[in-house]
Structure formats: C-alpha cells, structure tokens
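Undergrad: Heads up: the sequence lines are chains S and W, in that order. Sequential numbering from 375 applies to the first sequence in our numbering. Sequential numbering from 98 applies to the second sequence in our numbering.
Note that these hints are calculated values from the structure, not bench results. For clarity, every value in this text was computed on a predicted model and none was experimentally measured. Don't be surprised by glycine CBs; every beta carbon is placed ideally from N, CA and C. Hints are supplied without guarantee of correctness; some may be wrong.
Said to hold, decoys possible - Cβ pair distances, simulated, as ranges:
1) S/Lys480 to W/Asp217: 55 to 61 Å
2) W/Pro511 to S/Gln528: 48 to 54 Å
3) S/Ile490 to W/Met456: 35 to 41 Å
4) W/Pro397 to S/Phe448: 54 to 60 Å
To be verified - Taking lysine-lysine and the DSS-like style, the derived pairs with C-alpha atoms no more than 27 Å apart in a straight line are:
5) W/Lys535 to S/Lys520
6) S/Lys563 to S/Lys478
7) W/Lys535 to S/Lys441
Claimed, not checked - Here are some of the chain W residues that sit facing chain S, going by a computed Cβ distance under 10 Å:
8) Glu528
9) Pro533
10) Arg539
11) Met545
12) Arg546
Read off the chains here:
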Amino acid sequence: MSEDIIALIKENVIQGRKTADDEGIDDTLSGTPGVEELTRSALEQNIPPDRLITQGLTAGMQVVGEKFSTKEYFIPDMLAAADAVGAAMDILKPYLETSNVETKGKFAIATVKGDIHDIGKNIVAILLKGAGYEVTDLGVDVSTEKIVQYVKEQEPDYLGLSALLTTTMVVMGEVIEALKSNSLRDKVKVLIGGAAVSEQYAEEIGADAYCIDGFHAIQVLDSFQGAKT
Amino acid sequence: MPREGVLVQSPYKRLSTEQVRQIHDASVQLLRDPGLMCYNRRAAEIFHSNGAEVSSITPSDSPCWHVRIPEKMVSQALESAPKTVKLGARNKDNTLILNGDEPRVFFVSGSETNIWLDVDIETYAKKSDPGTEILVPEFRPRRGTLMDLCDSAHVCEHLETLDAYIRTVNIQDKDITPDNKDVNKFFASLNNTTKHFMAGLTTLSQLDNVVNMAKLIVGGEQELKDNPIISFITCLVKSPLQFVDDTTETLIEICLRGLPTVVSSSPQAGSTAPMKEDGIMAQINAEVLAGITLSQLVNPGTPVIYGSVPVRARLDTLGDSYGAPETSQFNVDCVQLARFYRLPCYATSGVCDAKTPGMQCSVERLFSDILVTLSGPQYLHCAYGLLDGNSTFCLLQAVLDDAHFEMLKFFLRPPRIDQSEIEKTLKQIREVVATPQKLYIRYIRPMMRSGQLSAPYPFEGDGERDAAILLAYNRMKELLQKPVEHLDEATTARIFNEIPGILPRLNVYA
Ligand code: B12
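Build the full structure now, drawing on both the sequences and the hints.
TA: Here it is in structure tokens:
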C-alpha cells in the first residue's frame, strides 16, 4: 500500500501534476489525485517523510531531469514537476523539522533594489525548491538593509541575487559589501544571475558564483553540497 | 481523403466589387475591340462556326485571323466551365479538389528553368588568423538534366507543404530531343512523386504517349478520367491578345481528351501590357477569358483553371521583375477576378529576382508568398526553389521554402477564441494571479503536446551565426536519401514496352 502511494507520487512528479485539476502530460491521470493530495494521504498513512522524499519526489525529479536532457521534456515540464515537488515540500516542512530530516539547505532569493524583473528569479525559486532546497523568496526591489537583516536573523546557507538592469547590478556589489561590514559574508554563499551580469562581474564583486539559469544554479548548489560533505 | 491545403478564412481583397466589375467590363470590350489575332486555323474556325466575327488578315507572313468574341459567348463559356476541378494523384491521398468558390490554397512548385543551381559547402580560412575557419555555401549554375528532374521530384515528394508538383527544370541532356522530351519529363516526374503532376507539353505529337503513360499507371481511360494524375499548362495567348498557333492547337487537343488544363497568360506590365494596373488587368483577364472560351467551345464542361502569371517589367533590363510589389498586386487582382467568375485560380508568387539563396531572395519570396496566399488562390504556383526570375532552380531553396510555407500555414489556422473555453481560461488567470510567482508556464504544456504551438524555425543555428543554408543543405541531403515510392516493376515494364522514347537510365529496375 505504501509502495503504491510512493510510486504514484513519483509518477505524478514525472507528469508534473501538482493537484487533481492538472492535466499532466497526456491527460491519462486527469481527475486523479496529484502530488499535493497524495502527499497528504501518505502522511495520514504514516509513511515516513524521508522515504516519501527520496523514493517519490526525488526519484520522480530524477526521471524528469533525464527526460529533459534527452529533449523529450521542455522547460514547462521541468517547471511543472519542480512546482509539484515544491508544493509537497511545503506540506512536509513541519514533519521534517520534527523528524530530523535535513533539507539540502536554506536558500533565500531577491531581486535587488531598483529592479522589478522577477520572471527569472521566480523560475530559479521554483526549480530550486523542486530540487529539494528550502527556498524563501524575498520579492523584488528589495533593499540592501532588508537582505542583510534577513541573513542575520534567518541564517540561510545561500543567498541568490537577481538583477536585469545595468543600473541595478551595482546594488549586488553593495549587498556583498554590507554583508562584509556586518561580518556575515562567510556565513552565506552568494549566487548572482540575470541578464545584466556575468561570470566576470561575479568575480569583480566577490560573489561565490554566477549562474546562467536555474538549472545551472542547481548544479552549482549541488557542487557546494558535495564540497560540504 | 484529398489533401487539405490551407483554407484562407477571410481572403485579402485589393479591389472593390465595383473595380472587379469595371475590369470585367473592360475585358469584355477588349475581346470585341480590338479582339484577338489568331494564328491557329482550327481555333479561328471554331470561333467562326459558333458565331464569332472572324476575318482573315491579309497580307500576313503566316495565316492569321482576326477574332472578335461576343460577350454572350464568353458568358456561356463561364457557365459551362466547371467550378470545381479535381487534380488526381498516384497516391489518392494527394488528390487536390480546387473549388472556385472556396479560398483553399494548395502550394505548388514550378516553372521550367534552364539552369540548375548546385550547392557546395566550402571551408574558408580567415586571412589574419588561418586557424579560424568558416563554412561557406557556393553556388554553381549549370544546365538542367533529366536526373536533376528526378531529384527534384524526389525531394518535392517529401516536402510536406508542397501539394502538387509542376516540373521544375528543363531537361537538356544530349539525348533529349523534341520528340522524346515529353515522355521523359512525365516519366521522370511520375516515377519520383506520388503527388499530382502538371507540366506544359513540348510537342503536340507526344500528347497521346503521355496520356497513355498516365492510363497505364492508373489502369485505364475511365480511371484516368476519375483520377487525372496529370494536367497541363497552356499559355496559348501571347500578350497582347494573340492566339499562338502551336499552343492553341495543344489546348484544343487536351480539351478534346477532357484532361484538366491551366489556361494562362503572362503579360509583362510595361512591355507586353500597359504598366498601369487597370490596363494590365483588363488585358490579362481578356486573354484568359479568350482561352477559357475556346476550351468550352471545343468541349463544354472540360476542366480548366484560370491561370495568371502577370509580372512587372524591370526598367534596367526590361526583364520580368517578380520581386516588385506590383507583381504581387497584379496577382492578387487576378485571384479576385477568378473568384468573381467562380473558377479555380492558378496564381503566381515566390518567384524572385535574386540569383542565389540568401537575404534578397528570402525577402522577395516571402513578400509575395504571404500576400498572394492571403488572397486565397486555389492553386498557387509559389515556385519552390525558383530564382533569378524564371531562370534558375535550386533544390536547397525549395527546402528552405517549405519551412516558410509551414509558418504561413500555421498563421492561417483559425483563431482560437472559443466561448466554451473562456471560463476555463479565466479560471487559469485567476489562479495564476493568486500565486506568488504569477507565471503561466505550467499551463503551456497541454498546448505544447497537442500540436497547437508552432514549431521553431527548423534551420536555426545554435550559436551566434546564421546557419540556415547549411542546415537546409543537410536536410536536402537527408530527403534525397529518403526512399520514394517508384512505379511498380510490372507497370514500369509496360510503360517501357508501350511508350516509345523513354531513356533506359530512368528504369530503376534495369
Ligand atoms: C520581461 C522584461 C520586462 C518586464 C518584467 C516583467 C517581470 N515580471 O519581470 C517589464 C515590462 C515589467 C520590464 C520593465 C523594465 N525593463 Co525590462 N526586460 C524584460 C526582458 C524582455 C526579459 C526579462 C526576462 O524575464 N527574461 C526571461 C527570464 C527567464 O530570464 P532572466 O530574467 O534572464 O532569468 C534567467 C537567468 O538570467 C537566471 N537568473 C536570473 N536571475 C537570477 C538570480 C539567481 C540567483 C540565479 C542563480 C539565476 C538567475 O536564471 C533565470 C532563469 O533561467 C529583458 C530583456 C532581456 N534580454 O533580458 C528586458 C530588459 C531587462 N529590461 C530593460 C529595461 C530597460 C526595462 C525598464 C527600465 C524599461 C522602462 N524604461 O520602463 C523597466 C525596468 C523597471 C525596473 N525598475 O526594473 C532592459 C535593461 C537594459 C539595461 N539597462 O540593463 C532589458 C535588457 C531590455 C533591453 N534590451 O532594453 N522588463
């Protein structure tokens, strides 16, 4: 029984079905419970959250990644799957805290002060959440003070900054300087992205990484994970 | 199931109803005064015996008659000409139904060019940095051959948007003579495509050989009537207003056999027709109506297609300028005139002035392809692969053109505004607006997989560099490797036995 529901969760991740309303890839599961509903019933059946994550959500995401790399899947499929996994993670969050299961880490993301572009930032947030990171989205046009304060209080492992304007990318450098002056720089790894910035710019301002897109961000974060263990 | 072509929902009109009427009236006047010079005795006799005013013109170098066609004779012909013409095909799924009342467009290759443009991809090194190399397409023009015609039919068979095949290249092999040209042209084409085949006839004496070949392929005379896998183009009127002797004779013979034919005229505004729109329109319409009238006098009800190849003169050379916007204007006008008569229309687009594939060529072709398609001709000779006016055919260009028509066909899909789905869409908008990310991306998916989204341009390079020609070149090679359904061995054997003049190298079973 528990095997069945985990297999169903995996299948629904592959289909990118968050709720029963979603069509999925081919309509075959239409009307049946999606990842959200299945996750709730699994918890009611006392299936351990870590199994649910590794054998259901992560295993499903793995297949999605493979299908994406062989061009069977496109970005919308990847995003739908990540979104479904993210929704499940939200449901699982309270259980994880009590059951000592570690997430891959806390990731906060913001579009810097003066910039309201958020499509790219949102995609990155959805993908990272789907990849198992605990993501907090601070929004757009976020002041440097607010970012620094958040890092101080919540201690995220990673901070993502997005800027699409040449006029706002300088704010990223200011954020890094402010982290330094608050003695927070070595507590958090800073990733930057957006049309205005580059690898070279990341070096210039002393960020830990530049990411071309959300998939790249997953790779970079996972490599940090590898370095940690 | 016949081919679908593409239905133009609200055809683009250039002329008002009033203006169409004015052109029609002007054409009717031209048919009476000055009437036509007729160099064909039979046609003069046919017009005379049906009540037209015909007088012999003397002195004249060759026998010639002056024919004045009364309006009534024209209107009777317009009445008896079928409003729907069926063009059959070896594969019946490739049948075309041309309905004069329905703006459903079929895309067709065409024109018999003398030059075939070969393409080679060469590697060049940068002078200042010989380690840096680029691939450059090089174009080599040469005389067209029989095997080129086979290759072009072969590739056209696989071009998805291409609905019917008009022979593309003039076969100029040493062993091709006026007496064996038609049979070789027809066999090479019919053996390499299962789509409808249309061509002009070089020598009237070959008509029956060609028709018999088609009968052998479909199984008999009645079968050919039911499934006319071949049809003809006859440009019997030379502008201005002259029935030429040989093609007029050919038209009469084709009509007697009841096979479909395009009755076309190709005046050049500026030289063989007035430069002004009303003038060229009145004249080309009179010329086509004269041909259609003759066809219906010969054999009432014989299937004919209103054919128009109007073009503007270039002022530097007085050659045809297919790239000129006026050429498209004239073609759209002709489509409207044919629709006024409820006759299926053969219109022209896509011919360009450019001599090789590239920027100018794409601009000129797409300009006329889009505009003339939007006017809704039934049979659009959009000339896949044609370059340099009518002089050059390039197979690689035909492959590029196929991608353009794919886009055009997609554009012409009916609007997707559906009352029954509006509620669902509003629900989607409300849902997305309520989320923190406000993104619709996940909702793309059902559309993505049901073919509702257009495909990306197939010849897009993946780097910074434009790779259209290189990628189309590869695609052309791929299509040449793809098999085609040749005629079966027994039919081939019978054709080689019974139809004289087909060159042995065309026999794929030999
Ligand atoms: C859409 C868009 C808008 C939308 C934004 C809607 C929204 N909800 O975000 C609107 C119309 C509102 C807008 C407004 C403006 N825009 Co604007 N906009 C764009 C556009 C066309 C696309 C951006 C986009 O969404 N791309 C798609 C996403 C998926 O890509 P992305 O953002 O790059 O994100 C990906 C990666 O970069 C990376 N990434 C991004 N951020 C991060 C962060 C992290 C941590 C990581 C790991 C990765 C990462 O991952 C993402 C996913 O793959 C760009 C053009 C361009 N080339 O980028 C101009 C562009 C950015 N805009 C521009 C301008 C000038 C403006 C305006 C100033 C215009 C005006 N005069 O009002 C305003 C800015 C207002 C403001 N204060 O911010 C210019 C900027 C030029 C410059 N000086 O730098 C651009 C480049 C257009 C141009 N060429 O002129 N814009």
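Undergrad: Now, for every hint given, state plainly whether the structure supports it.
TA: Against the structure, the hints:
no.	hint	in the structure
1	S/Lys480 to W/Asp217: 55 to 61 Å	59 Å, holds
2	W/Pro511 to S/Gln528: 48 to 54 Å	53 Å, holds
3	S/Ile490 to W/Met456: 35 to 41 Å	38 Å, holds
4	W/Pro397 to S/Phe448: 54 to 60 Å	58 Å, holds
5	W/Lys535 to S/Lys520	23 Å, holds
6	S/Lys563 to S/Lys478	14 Å, holds
7	W/Lys535 to S/Lys441	26 Å, holds
8	Glu528	9 Å, holds
9	Pro533	6 Å, holds
10	Arg539	4 Å, holds
11	Met545	6 Å, holds
12	Arg546	7 Å, holds
Figure legend: structure checked against the earlier numbered hints; every hint is met.
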